[in-house]
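Asks: Each chain is listed here by its residues.
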Amino acid sequence: MTGFSGVLYLGRSASRQPVRVEIDGATMMIVDDGEPRTLALADVRADAPIAGVARRLSLPGGAVLETEDAGAVRTAWPTKSLLERTAFRLESSVQAATAAVFVIAALVALVIRVVLPAAADPVARAMDPRLERALGAQAQAALDQGWLQASLLPAERQNEIKAKFAAFAGEDAPSAKLAFRRIGGPNALALPGGTIVLTDEMVTFARNDDELMAVLAHELGHVQNRHALRMVLQQSGLAVLATVIAGDAAGMTILAIALPSALVNARYSREFEVEADDYAIALLAKNGRSPQAFADVLRRFANDERTAGPRDPLWRYLSSHPALDERIQRAEAAR
Amino acid sequence: MDGAAPDARARTYRFAFTGRAGDYFRIWIVSLCLSLLTLGIYSAWGKVRKRRYLQAHTRLDGDGIDYRASPLAVLRGRGLAVVFLGGFALAAHFAPLLQLGFLLLIGALSPWIVVAAARFNARTSTYRNVPFAFDGRYGEAAAVIIGGALAVIASLGLAYPWYRMRRARFVVAHHRFGATPFSTTLDAGEFFLTYLFAFFMVGGLIALSAGAGFAAAAVAEDGDALLLALTAVIYTTYIAIYAFIRARTLNLIANSTTIGPVKLEGSLGARKLAWLYVSNVVAVLATIGLATPWATIRLARYRAECLAARTDAPLDMLLAGTSPDATATGAEVSDLFDVDVAL
Numbered sequence: 001m002t003g004f005s006g007v008l009y010l011g012r013s014a015s016r017q018p019v020r021v022e023i024d025g026a027t028m029m030i031v032d033d034g035e036p037r038t039l040a041l042a043d044v045r046a047d048a049p050i051a052g053v054a055r056r057l058s059l060p061g062g063a064v065l066e067t068e069d070a071g072a073v074r075t076a077w078p079t080k081s082l083l084e085r086t087a088f089r090l091e092s093s094v095q096a097a098t099a100a101v102f103v104i105a106a107l108v109a110l111v112i113r114v115v116l117p118a119a120a121d122p123v124a125r126a127m128d129p130r131l132e133r134a135l136g137a138q139a140q141a142a143l144d145q146g147w148l149q150a151s152l153l154p155a156e157r158q159n160e161i162k163a164k165f166a167a168f169a170g171e172d173a174p175s176a177k178l179a180f181r182r183i184g185g186p187n188a189l190a191l192p193g194g195t196i197v198l199t200d201e202m203v204t205f206a207r208n209d210d211e212l213m214a215v216l217a218h219e220l221g222h223v224q225n226r227h228a229l230r231m232v233l234q235q236s237g238l239a240v241l242a243t244v245i246a247g248d249a250a251g252m253t254i255l256a257i258a259l260p261s262a263l264v265n266a267r268y269s270r271e272f273e274v275e276a277d278d279y280a281i282a283l284l285a286k287n288g289r290s291p292q293a294f295a296d297v298l299r300r301f302a303n304d305e306r307t308a309g310p311r312d313p314l315w316r317y318l319s320s321h322p323a324l325d326e327r328i329q330r331a332e333a334a335r
Numbered sequence: 001m002d003g004a005a006p007d008a009r010a011r012t013y014r015f016a017f018t019g020r021a022g023d024y025f026r027i028w029i030v031s032l033c034l035s036l037l038t039l040g041i042y043s044a045w046g047k048v049r050k051r052r053y054l055q056a057h058t059r060l061d062g063d064g065i066d067y068r069a070s071p072l073a074v075l076r077g078r079g080l081a082v083v084f085l086g087g088f089a090l091a092a093h094f095a096p097l098l099q100l101g102f103l104l105l106i107g108a109l110s111p112w113i114v115v116a117a118a119r120f121n122a123r124t125s126t127y128r129n130v131p132f133a134f135d136g137r138y139g140e141a142a143a144v145i146i147g148g149a150l151a152v153i154a155s156l157g158l159a160y161p162w163y164r165m166r167r168a169r170f171v172v173a174h175h176r177f178g179a180t181p182f183s184t185t186l187d188a189g190e191f192f193l194t195y196l197f198a199f200f201m202v203g204g205l206i207a208l209s210a211g212a213g214f215a216a217a218a219v220a221e222d223g224d225a226l227l228l229a230l231t232a233v234i235y236t237t238y239i240a241i242y243a244f245i246r247a248r249t250l251n252l253i254a255n256s257t258t259i260g261p262v263k264l265e266g267s268l269g270a271r272k273l274a275w276l277y278v279s280n281v282v283a284v285l286a287t288i289g290l291a292t293p294w295a296t297i298r299l300a301r302y303r304a305e306c307l308a309a310r311t312d313a314p315l316d317m318l319l320a321g322t323s324p325d326a327t328a329t330g331a332e333v334s335d336l337f338d339v340d341v342a343l
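Chains A and B are the protein sequences, given in the same order. Just so you know, we're using this note's numbering here: the first sequence kicks off at 1 and counts up by one. Just so you know, we're using this note's numbering here: the second sequence kicks off at 1 and counts up by one.
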């Protein structure tokens, strides 16, 4: 015969009654000041065990018996659910908790570095191109209302660049459409759906048309690789991961998830820039031009106040683009 | 039973938190690990186990608050939320019209979410085997939340404190402990004062950071480091203002609440709460998340320690509900959707 002490809550009011429980074979006896009560063990349900939480026994009729003596409860009412049993065993073990830290680190790294990028690519390709064009039209409308102004470039020059670009891009040309705008600085950007916005300032910034084609080839790389759509997909996946990790973080610690997410998103963006650079270098080579043109235009970006970007090494991890000197080195290595 | 005056039996019970960061860390890390390995499915079990730990260790007169939610009900709710909200969020990326529809939908659903979450959380929480209950209805919730939101917009934000007060009052007033309804004397006056004070704090913050920014730009060679420092200062001040509003409003809500013979007393300190928030964020960032359970525990401890129950009668006198299926009508629906909405 074994026994344990606990507290009986009858459930008719918020009262508590310390009791002693004696277990004999398949029955238990609850002893307090009054008449002892005898019950079959089989009529009593035990809760799922949690490390560090008192066990709760549900008695027939709605009463509850709570006890700190987890061992006695485990012996009399073994946990049937494999899931709850396993969870309890893992939670009770320091080694398991330590192992969990490493498993989580490996899983998070795997999801961020491999799973999300690998999954986003085929999903982006399988998606209806109309969706992507709708996304691009939305972005362009927003840009035209905000920062972009109509181009002042003569129509002949615009048509000349369009024709050169069509010849340069070859079979990939139909996927992109050039749009000329002004923004106050040399820039080019690829919108989802294939529109490449080229600023007047960029046209004059490029010293020759090889440099201009190199810049457009980089943007065409974004279009060809459907980077805008993949970015949306990867960011969404990352948000889901962040929710699983920090879903119930207490109060303001939720702020702490914002910075790591921004770092990972910036990393994805830098990876896409490298991919687009590689595409540009390959396209230059295909046209019989030297990747040096691309390196040259990047170098002049680096030397220009407006486009050089912050020099502090800390910013590299927050930046959406890889450092210009790295990109220049890559282009020159491909000569 | 006895002839003593009620005052002689008046007693104040302080809430106490007895959980330990080490214990909670293991429950938390196992939950996170298994959730990732099972693509989120275990998160329902993990949520119930974590919440059971935290509530069981939040004690009044020696007894904790039992959390009895079924993990399957939580899982169903989460599945529904993921499919429903996730689908819409993704679709809204591509069509602005859908985005508007999505916002309207969230707006229309929010009263229901508040009611369903309060009902679920109340129904699954018991103290000494007596369950809590929530009997707020969608209609009133919609009037309070949607009507309140429209009033906030119409008044250009001036009605916001009133809206927060009405929302808190709705949630508190519809709770019961067993057969005893909660009642509240909450009014808008103190809420307005709190937000007015916070408004001046925000104004001061903007002036301060603008001044500091100009000074930094004028003096510094290395702008980046100063920019970072300034950002940190702004975030810290922002958290301090948030903590101030939270401490003040939670105290107001607690101090206006009575449950039969029991009167709640809240004594959160804005400075202490701000310190906890700021140090929690720093600790969580510095440990790439590993300090999260520690942060949770110390916040739970402080919040419990700053809550007390003053009562004229023994707690034993609080009776359980007379009709246990009074809430059964909404039970099925609320089982479908489990969401946490803060008071």
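Hints are computed from structural coordinates only; laboratory data are not their basis. Honestly, I wouldn't trust all of these hints.
Looking from chain A toward chain B, a few residues come up when the C-beta cut is under 7 Å (computed) [as the list claims (entries may be wrong)]:
1. Tyr9
2. Gly11
3. Ala14
4. Arg16
5. Ile50
6. Gly52
7. Val53
8. Arg89
9. Leu90
10. Gln95
11. Ala97
12. Ile104
13. Ala106
14. Leu110
For each residue, glycine too, the CB sits at the ideal point set by N, CA and C.
Asks: Take the hints in turn and mark each one as holding or not.
Replies: Status of each hint after checking the structure:
1. Contact between A/Tyr9 and chain B, as hinted, is supported at the beta carbon level, the nearest pair being about 3 Å apart and thus within 7 Å.
2. With its C-beta approaching chain B no nearer than about 4 Å, A/Gly11 sits inside the 7 Å limit, and its interface hint holds.
3. Interface restraint check: A/Ala14 against chain B, minimum CB-CB distance 4 Å, threshold 7 Å, status holds.
4. For the restraint placing A/Arg16 at the interface with chain B, the shortest Cβ-Cβ distance is roughly 6 Å, inside the 7 Å limit, so the hint holds.
5. Checking A/Ile50 against chain B: minimum C-beta separation of about 5 Å stays under 7 Å; hint holds.
6. Taken as an interface hint, A/Gly52 checks out: its beta carbon lies about 4 Å from the nearest beta carbon of chain B, inside 7 Å.
7. Checking A/Val53 against chain B: minimum C-beta separation of about 5 Å stays under 7 Å; hint holds.
8. Interface hint status for A/Arg89: violated, as the beta-carbon distance to the closest one in chain B is roughly 9 Å, over 7 Å.
9. At a threshold of 7 Å, the smallest CB-CB gap from A/Leu90 to chain B is about 5 Å, leaving the interface hint in force.
10. At about 10 Å, the closest approach between the beta carbon of A/Gln95 and any beta carbon in chain B exceeds 7 Å, and the interface hint on this residue is violated.
11. A cut of 7 Å between beta carbons decides the hint on A/Ala97: the least distance to chain B is about 4 Å, and the hint holds.
12. With 7 Å as the threshold, the beta carbon of A/Ile104 comes within range of chain B, its nearest partner Cβ sitting at about 5 Å, so the hint holds.
13. Annotation: A/Ala106 was flagged as interfacial toward chain B, and the flag is violated, the nearest CB pair being 10 Å apart, outside 7 Å.
14. Using the Cβ-Cβ criterion of 7 Å, the hint placing A/Leu110 at the interface with chain B is not satisfied: the shortest such distance is roughly 10 Å.
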